[in-house]
Amino acid sequence: MIVPMIKYGFLVYHRDFDSFLTNLQELGVVDIIKQIHTPTEQEKGMLSLVNRYTAAVNALSSRSTSDIISQDVNLEDVLKEFEDIQKEHEQLEISIRKAYKDLSDARPWGEFDPKTVKAIEDRGIKMRFLIASEKGFSQEWAAENPVEVLLRQAGNVYFVLVVHGEEIEVPFDVQEIKLPTFSFQQKEADIEEYRQRLLAIEKRYTELASYIPAMEIEKGKLLNSLDFISVHTSAERKADDTLMILQGWIPVTKNDSLIEFLEKESITYVSEKAQLHDDAPIMLKNNKFAKLFEPIGNLFTSPIYSEMDLTPFFAPFFMMFFGFCLGDAGYGLILILIATGVKLKGDKKLRPLMSLVQWLGLSTIIFGVLTGTLFGINLVESEIPFLETFKGYFLNNDNLFMLALSVGALQILFGMFVKAFNQIKMWGWMHSITTFSWILLLVGSAVFFGLSKMEGSNVELLGTTHMVLLGVAGIGILFFNSPGKNPFVNFGLGLWNIYNMVTGLFGDVLSYIRLFALGLSSAILGSVFNSLAFGLSPDIPVVGAIVTILILIIGHSINLFMSALGSLVHPMRLTFVEFYKNAGFIGGGKAYQPFSKQEVSKII
Numbered sequence: 004m005i006v007p008m009i010k011y012g013f014l015v016y017h018r019d020f021d022s023f024l025t026n027l028q029e030l031g032v033v034d035i036i037k038q039i040h041t042p043t044e045q046e047k048g049m050l051s052l053v054n055r056y057t058a059a060v061n062a063l064s065s066r067s068t069s070d071i072i073s074q075d076v077n078l079e080d081v082l083k084e085f086e087d088i089q090k091e092h093e094q095l096e097i098s099i100r101k102a103y104k105d106l107s108d109a110r111p112w113g114e115f116d117p118k119t120v121k122a123i124e125d126r127g128i129k130m131r132f133l134i135a136s137e138k139g140f141s142q143e144w145a146a147e148n149p150v151e152v153l154l155r156q157a158g159n160v161y162f163v164l165v166v167h168g169e170e171i172e173v174p175f176d177v178q179e180i181k182l183p184t185f186s187f188q189q190k191e192a193d194i195e196e197y198r199q200r201l202l203a204i205e206k207r208y209t210e211l212a213s214y215i216p217a218m219e220i221e222k223g224k225l226l227n228s229l230d231f232i233s234v235h236t237s238a239e240r241k242a243d244d245t246l247m248i249l250q251g252w253i254p255v256t257k258n259d260s261l262i263e264f265l266e267k268e269s270i271t272y273v274s275e276k277a278q279l280h281d282d283a284p285i286m287l288k289n290n291k292f293a294k295l296f297e298p299i300g301n302l303f304t305s306p307i308y309s310e311m312d313l314t315p316f317f318a319p320f321f322m323m324f325f326g327f328c329l330g331d332a333g334y335g336l337i338l339i340l341i342a343t344g345v346k347l348k349g350d351k352k353l354r355p356l357m358s359l360v361q362w363l364g365l366s367t368i369i370f371g372v373l374t375g376t377l378f379g380i381n382l383v384e385s386e387i388p389f390l391e392t393f394k395g396y397f398l399n400n401d402n403l404f405m406l407a408l409s410v411g412a413l414q415i416l417f418g419m420f421v422k423a424f425n426q427i428k429m430w431g432w433m434h435s436i437t438t439f440s441w442i443l444l445l446v447g448s449a450v451f452f453g454l455s456k457m458e459g460s461n462v463e464l465l466g467t468t469h470m471v472l473l474g475v476a477g478i479g480i481l482f483f484n485s486p487g488k489n490p491f492v493n494f495g496l497g498l499w500n501i502y503n504m505v506t507g508l509f510g511d512v513l514s515y516i517r518l519f520a521l522g523l524s525s526a527i528l529g530s531v532f533n534s535l536a537f538g539l540s541p542d543i544p545v546v547g548a549i550v551t552i553l554i555l556i557i558g559h560s561i562n563l564f565m566s567a568l569g570s571l572v573h574p575m576r577l578t579f580v581e582f583y584k585n586a587g588f589i590g591g592g593k594a595y596q597p598f599s600k601q602e603v604s605k606i607i
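The opening position of the sequence shown corresponds to residue 4 in my numbering, with each subsequent residue numbered one higher.
Quick caveat, the hints were computed from the structure, so don't treat them as lab data.
Cβ coordinates follow ideal geometry from the N, Cα and C atoms, glycine included.
You may find that some hints are simply not true.
Cross-link-like lysine-lysine pairs, in silico, DSSO-like; alpha carbons within 30 Å at most [to be verified]:
id: 1; residue 1: 90; residue 2: 47
id: 2; residue 1: 121; residue 2: 47
id: 3; residue 1: 584; residue 2: 488
id: 4; residue 1: 37; residue 2: 257
id: 5; residue 1: 37; residue 2: 190
id: 6; residue 1: 291; residue 2: 241
id: 7; residue 1: 190; residue 2: 118
id: 8; residue 1: 206; residue 2: 190
id: 9; residue 1: 190; residue 2: 224
id: 10; residue 1: 121; residue 2: 181
id: 11; residue 1: 276; residue 2: 428
id: 12; residue 1: 10; residue 2: 291
id: 13; residue 1: 224; residue 2: 47
id: 14; residue 1: 257; residue 2: 294
id: 15; residue 1: 294; residue 2: 10
Estimated spans, in silico, between C-beta atoms of each pair [to be verified]:
id: 16; residue 1: 524; residue 2: 61; range: 32 to 40 Å
id: 17; residue 1: 298; residue 2: 427; range: 22 to 30 Å
id: 18; residue 1: 191; residue 2: 154; range: 14 to 22 Å
Construct the complete structure from the given sequences, taking the supplied hints into account.
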């Protein structure tokens with residue numbers, strides 16, 4: 004659910020404004036309504052410094068260091084040194100690549116001394132370094148002229164033609180190469196020098212990584228200052244700039260702490276509850292289960308303040324869809340074990356995410372049991388005695404195909420119910436008539452279809468009762484889709500609505516076939532890796548077992564990773580496209596971001 008918001012307006016004397024903002028930032032509960040302003044040169048400089056610190060921390064964070072650096076350092080000098088050696092590092096890598104390219108070009112000509120070649124040319128003897136194709140090169144011509152073949156490689160002939168006096172004509176196509184001005188040995192020495200300097204830079208990188216905590220602290224201070232300046236410039240000035248007016252939002256759950264603060268500071272204020280269609284920030288409050296799925300919803304966008312939070316509505320479906328797509332009890336068990344291990348030994352910040360993984364793993368186990376799949380093994384086809392009793396309960400491919408379509412239709416219909424109640428909340432019951440009419444038409448027609456297929460039933464599809472139901476639904480669809488507008492406009496919009504619904508609904512339901520397809524592909528790939536493991540292992544007792552185990556571990560790891568990735572992406576697609584569309588989700592809300600100080604730790 005969306006936590007109700009309260010809008011506040013603060014009236015502060017200009018001399019007390021800075022101290023008020025400082026204390027308000029310490030309190031950290033008010034989401035200030037900020038005004039767009041042109042950044043000053045000071046702000047631009049601070050923002051540039053933040054970006055530089057961020058780049059340095061990101062580049063150095065992969066380097067482990069146990070050293071603790073005192074805060075009594077000039078961090079801007081450290082940052083400048085990092086940027087300088089980073090540029091040098093990049094230039095050295097370019098120089099090494101160029102040196103290797105030069106070596107590659109010079110290698111066919113062998114080791115030589117450029118000074119010796121120059122001395123020979125100074126005496127009037129010209130040395131031409133030529134390349135010809137193997138097919139075009141003439142051995143007879145080479146035998147008759149001062150030619151030295153140095154290398155035959157990759158269909159080419161590398162040779163030197165010595166000219167003293169008149170120019171010698173070459174009777175076949177050649178490419179003349181300008182002799183490098185360096186020796187082979189010299190270039191290798193240059194490369195070694197570059198490498199040694201790179202090693203020195205890498206060592207210095209590790210030393211500079213010790214400054215990361217100090218950089219993070221300085222970055223946090225800068226961000227706090229930037230936020231302070233942004234809020235300060237958002238205040239409206241009145242009475243010749245002697246009074247400052249500031250507005251902001253606060254969740255009702257934190258209202259008491261703000262009132263206590265304002266009374267303590269003797270601040271004049273006004274407050275009112277946020278109206279339904281106000282542009283209030285969004286703070287979500289859900290139960291423990293639905294809260295785990297909030298990061299998934301945030302990947303798309305937040306709801307606007309006037310609509311419903313769809314997180315608790317899509318959470319059970321998302322969990323089910325993930326299990327449907329992965330559908331292997333063994334993989335589900337691995338996910339649960341990994342998540343449990345990370346929760347016990349890993350960072351506490353990862354615990355909510357790992358709890359989500361545990362739920363997704365449980366769903367995978369359930370669908371693995373329903374389909375009889377364990378690490379790619381089809382338990383239906385296995386000859387395990389105690390499973391014989393249960394084989395009739397396992398779902399086959401036809402069952403899974405129909406189940407995918409059924410849960411898709413169920414989620415779409417559920418989304419339409421959500422849309423109807425959301426319309427009642429946002430605009431009143433009249434705006435929900437069309438949606439309820441579609442629900443009546445779809446559910447009613449499904450019921451009549453089912454009853455007409457039952458033996459002994461007198462219910463007739465498209466009979467009188469069914470036609471009355473269709474007529475009532477049709478009136479709601481055609482004439483109540485835009486309450487307050489001209490009936491003819493409503494009728495035209497209703498026809499357009501029917502066209503969109505008929506063409507879109509069918510495609511939406513078919514989209515859920517991906518659940519069946521992904522689950523099937525995961526099981527098939529698991530089975531393939533099992534076959535490879537036992538089929539490719541040699542008959543040598545110990546070696547065969549090792550090869551089998553390696554193929555099983557590597558193969559199932561690849562399959563688990565790829566299948567789990569698909570099992571996340573495709574349920575997201577079904578949620579954000581099919582479900583959100585049929586639920587009438589608008590989105591575009593701004594998340595609640597209180598004016599507060601970033602946590603800045605101290606370095607001992």
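Tested hints:
| no. | hint | verdict |
| --- | --- | --- |
| 1 | 90 - 47 | holds (23 Å) |
| 2 | 121 - 47 | violated (57 Å) |
| 3 | 584 - 488 | holds (24 Å) |
| 4 | 37 - 257 | holds (20 Å) |
| 5 | 37 - 190 | violated (60 Å) |
| 6 | 291 - 241 | violated (46 Å) |
| 7 | 190 - 118 | holds (15 Å) |
| 8 | 206 - 190 | holds (25 Å) |
| 9 | 190 - 224 | violated (48 Å) |
| 10 | 121 - 181 | holds (13 Å) |
| 11 | 276 - 428 | holds (17 Å) |
| 12 | 10 - 291 | holds (28 Å) |
| 13 | 224 - 47 | holds (15 Å) |
| 14 | 257 - 294 | holds (19 Å) |
| 15 | 294 - 10 | holds (25 Å) |
| 16 | 524 - 61: 32 to 40 Å | holds (37 Å) |
| 17 | 298 - 427: 22 to 30 Å | holds (29 Å) |
| 18 | 191 - 154: 14 to 22 Å | holds (19 Å) |
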